[in-house]
Each structure stands twice: as C-alpha cells, then as structure tokens.
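Here is how the chains run, residue by residue.
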Amino acid sequence: MSMRKLLEIELFKISKRPRTYISFAAISAIVLIFQFAFKADGENYMNLMLQGINDSFQLDKQHAMNGYFMCYIILNTLLVQVPILVALVAGDAISGEANMGTLRLILSKPISRTEILMAKFLASIMYTIILLIWMAFFSLILSLWIFGSGDMLVFRVAGEVSQIMQIAQDDIVWRYLAAFGYAAVALTVIVSLAIFFSLFAENSIGPIITTICIVLVFTIVSNMNIPVIDKNVKPFLFTSYLVGWKGFFYIATTEDGIPIKGSMENIQSIQSSLMILFAHIGALLLTSMYIFKRKDILS
Amino acid sequence: MMGQHIVEVEGLSKSFVSFQAVKHISFQIEKGSVYGFLGQNGAGKSTTMRMLLSLIQPSSGKISIFGKPLKGNEKFILSNIGAIIEKPDTYGYLSGYDNLKIFSNIFGRSTSLVALDALLEKVGLKGRGKDKVKSYSQGMKQRLGIAIALLNEPAFIMLDEPTNGLDPQGITEIRNLIGHFSKNEGKTVLVSSHLLNEIEMVADSMIILHKGEKVAEGKVRKLLDPAKTLVSIETEDLQHSMSLIQESLWSKKLIAQNELKFEMEKEEIPLLVKFLVDQHVAVSNVQSNHSLENYFLKLTNS
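Residue numbers (the working numbering), protein chains in the order written: chain A, -14 to 284; chain B, 64 to 365.
Keep in mind the hints are simulated off the structure, nothing from the lab. Please note that the accuracy of each hint is not assured.
[As the list claims (entries may be wrong)] Just the calculated beta-carbon pair ranges, DEER-fashion:
id, chain 1, residue 1, chain 2, residue 2, range
1, A, F9, B, T235, 45 to 51 Å
2, A, F9, B, E149, 33 to 39 Å
3, A, V65, B, P231, 57 to 63 Å
[What the hints assert, rightly or not] Heads up, incomplete: computed chain B residues facing chain A, CB under 7 Å, no partners named:
id, residue
4, S142
5, Y156
6, N168
7, I169
For each residue, glycine too, the CB sits at the ideal point set by N, CA and C.
When you get a sec, could you build the whole thing from the sequences and use the hints?
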C-alpha cells in the first residue's frame, strides 16, 4: 500500500471528525472579531501604540492601519493559540484510534507501524498547513480587502528600546509567505510533540492537555526577561523559537536608519531557529517511531 | 504434518511488568479446520491472538503462519489474515461503506458499491451501508467487523469472542458463518470463547488455557468424549488402597498422586470397584463426572 493512499485515508478520517472544524471556526471568529474591533476603534489602538513617539514621528494613521498591519497584529496574537488548535488534531492521532479500538484493527492489517505513524504525521502537517492557509486568507486577504494596502509598520520592543520599522508595500508579501512557511515548521514541532504523547495514551484528552500545558509553560518561561533564564533555559525551549517568524519583518537599515528593501536584520538567527525546530521535529519523530514499533497494543 | 498446519506455535510466552499472561504454550492449527481457544477471561486467549497478529511482541517462543516465521514476514502473513480481536471496533463517525472503503483501500481491493454491497449482504447488513456505524446495534457492529475481516478474502480468520453481546439469533448466525467459512470456503478459523458449548458447537480442535497455561488440547470430539469419565473413589484406608492400585494395571488410569482419582471409560467403573472389593477394601463413595466439562467448570468456578 502506497504512502499516498495511506495519507488519503488519514486525511479522509480527519475531514470526517467534527473536532477538525473547531480550529477553523475558532480562527475565523477571532480574526473577524479583531477586524471588527479595529474597524470600529482602530485609531485608539494606534494612539496607544504610538504613545511617546508621536512627537518625533509623524504618521498618517489612517494609512498605517492597513491590511498588512492588521495581519501582523493578528498573527502576533493568534500564533500563540494556534499550537493549541493543532494539538487538538495531532494529539488524537494514535490515542484516538486506541480509544475507539481501531488501532488494533489497523495494526492487524499489512501496513508497517512506521508507515502508519508517518501517514498520521504527514496528515497532521497537512491539516496544519490548511489551517495556516485559512488563517492567511482571513487575516491577510480579508484584512487587505477591508482595510486596504500600503506600507507596513512594525512595532518592536527589544529590551527597553521601542522601535518602529516601516516596510515598503512592494517588500511585504514575500515576508508574509516566509513567515507562514516558518510558522508551518514551528507548528510541526507541536504536531510531533502531540503525536509523541499520543503514543502513550488510550484517549486523546491526555496528550492534547499535556501538549497544551507544555506549550503554555514553555511560552511563559520563554517570555520571562530574567538574565539567568535567558542564558540557561530559553535556548533549550522550543517555544523560544516559535515566534522566529517575526524576524522576517525586522528589516535591516542603513547607518542613516533607512530600511533596505528585501533585507532582514538577522537572517542567521532565523536560520539557526529553523535548524533547532527541525532538530526537535526529527528527534521527536524518530523517538516516536522507535517507541511505536516496540509498543504492545493492548487497547 | 508440517505442510498441513496453517499456524505453528512453539513455547510462546508473554510477560508484562507485573504478571505472565502466557506461559510457554505450543499448538498447531490444521488447514481448513475450526480451532477453538477456550478459557476464562484473563486466561491468555486474546494475548495469544494479539501475538499471532504482531500486535504484541512475545517475550519468547516461535510463531509460524502459512509456513513462514511471523517475525520478518508480517506484511505477507497479515495480508492473508482476517481478524476481530475483542470488540469489533470500527470508526463510529463513519458509515458502514466508509469503513469498508478504508480497509478495502488498505488491501488494494475494489471499493465499488457493488463489491461492498455483496460483502454486506454476506454478513447480513444489506441496506445499512450508508448508515453511520454509531447507529448500529452490537450485533450489526459484529457483522461489520466480520465484513472487514473478510475484505481481503483471507485464508485464515481469527475471531475473538465473536458471539459476545449478541442475541440468540445473532449467535446462531455467527456460528453458521464460521461453519460456512470452514466447510464451504476451505478457510481456517481460530475462534475464542469462554463458553465450552460455544467451542463445542463450532470447533474441530481446541486448546484450553488457564492463567496463561495450556491445560488441555486436542480434537473437540475426543476431549468431550462422553465415555471419558473422571472417577473419584473414597475408601476406609487410602494408603493401602493406593498401594494396591499402584501394583495393578489400574495405575495407568490414575491421574492423581495422593488421591484415588482416575480417568477412564464409564464401563470400567464397576470393574475398578470390584477389584477393590475383591482386595477387601471398603469402598465408601464413588463419584463420576464428565472429565473435561468438570475440569473446565472447576477452572471457571475458581
């Protein structure tokens, strides 16, 4: 049996489960609420963001609050929650089958456990990608339609320094494509983690909650600004690299502070973050395969 | 004969952390036969069946199916096996058709509605293919499970407690189906049950498992031979009686070390009593029971 056929079966099963659509509904609802709120009261938000720098930086607020800017704000908020939505499906991959009793049925067919695990892994990634495309449509395309386009402002807080960067309109789309690509890799770590926990449970609640808890705790630690944690803990937490997509919007500037089109401030940092995320995926997947191949199916 | 055996199991054991589920059992299943696994819940039946399907790794022992070692030949062997282990669980949120399609695809078989309908008709689910499985009764789920087990036209079918939860009509239908597989289609069937009469009605040979150990094995007709009887005799002087028996030909029928317990044909009982009386032994009680049934009842009541 080909991997393609197996993948089709897994995608078919995912598509038929009601919980699959919770994530799509949640994303749509959150994005629409954001867009409504900004359409109704966006100027106050801009004033809040620009507090203190209004005097030195003259901005056309109406133009600044465009679709690109909206999408950036939405992604900043949503990409913390999306791992939870991804865990809903990936955490169910093996444990859900064990709970239904279908795991022993599948594994008594002539398919290797590695093939089954890979098919479930790939199906979960495809689900994640479709979820990201859905998110891109709502947060970018719909926002551009509602708020229009223009140059994009990026607010950045690095330590105690607040910074505003401006990216030219024709220099934005590739950054979003790259950011969504990066997010897909980052979310694949969550998929791998949820599938890993899914191997040990006979219902999907355990792996889903465990994955969510790990993501939440690690995210909180990753956001702590304590020197000892910065140095000794954060580099080892995958959550420190989940927000690496922002790096695509940190544009390099000349000595005079003029943004350089098509540039990134620290491409090495993005590359090393991606490497670390891929290493996490590889390690989790290989460990999962090793365990799954030796696991006694008692469910 | 080696070639006539679909399954050959030798010294199979399985230990979990806290207990040993299967203890060094060996058996062979003849091609085209219905082989029964009899034992209480927890006797090791399902664990053994799971090991035959590679769901559980044996701690020790050898399994050969279709003349090939299971280890390393899983794909070939599992391609030719149809199985239901414990409950016939399928995807409840999908229809009967969708469930069949998924497993047809796995086997690379036809997923045409005509082919699936023919299969559903065979197991008595005609006209219910479009319904979600969660709306099925236990009996219908069992039938769908059998339909899935038959998708690959297997040479060897394993059914773990196939009549569990079924009404009397359903039980009869499953029994007839098992008979049909063996007699009309030449398939080999391994069926497990905790009920002696279930096995008695469908199986040609059987193995009795108790706490992971094989306690009896053979042709069902022979094991359940009504002529074979377990006889217990009580006498005034056990030691003297025992020594008399040990010195006689009756010792061959003795099945206990320090009790006067024998397994023999019913007609032999008066001869044994006469022998003891002729030796001036005062016989105070004689009890006889059907041997295997009694033994199994003793196990299940324990």
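Consistency of the hints with the structure:
{"no.": "1", "hint": "F9(A) x T235(B): 45 to 51 Å", "result": "holds (48 Å)"}
{"no.": "2", "hint": "F9(A) x E149(B): 33 to 39 Å", "result": "holds (35 Å)"}
{"no.": "3", "hint": "V65(A) x P231(B): 57 to 63 Å", "result": "holds (58 Å)"}
{"no.": "4", "hint": "S142", "result": "holds (4 Å)"}
{"no.": "5", "hint": "Y156", "result": "holds (6 Å)"}
{"no.": "6", "hint": "N168", "result": "holds (6 Å)"}
{"no.": "7", "hint": "I169", "result": "holds (5 Å)"}
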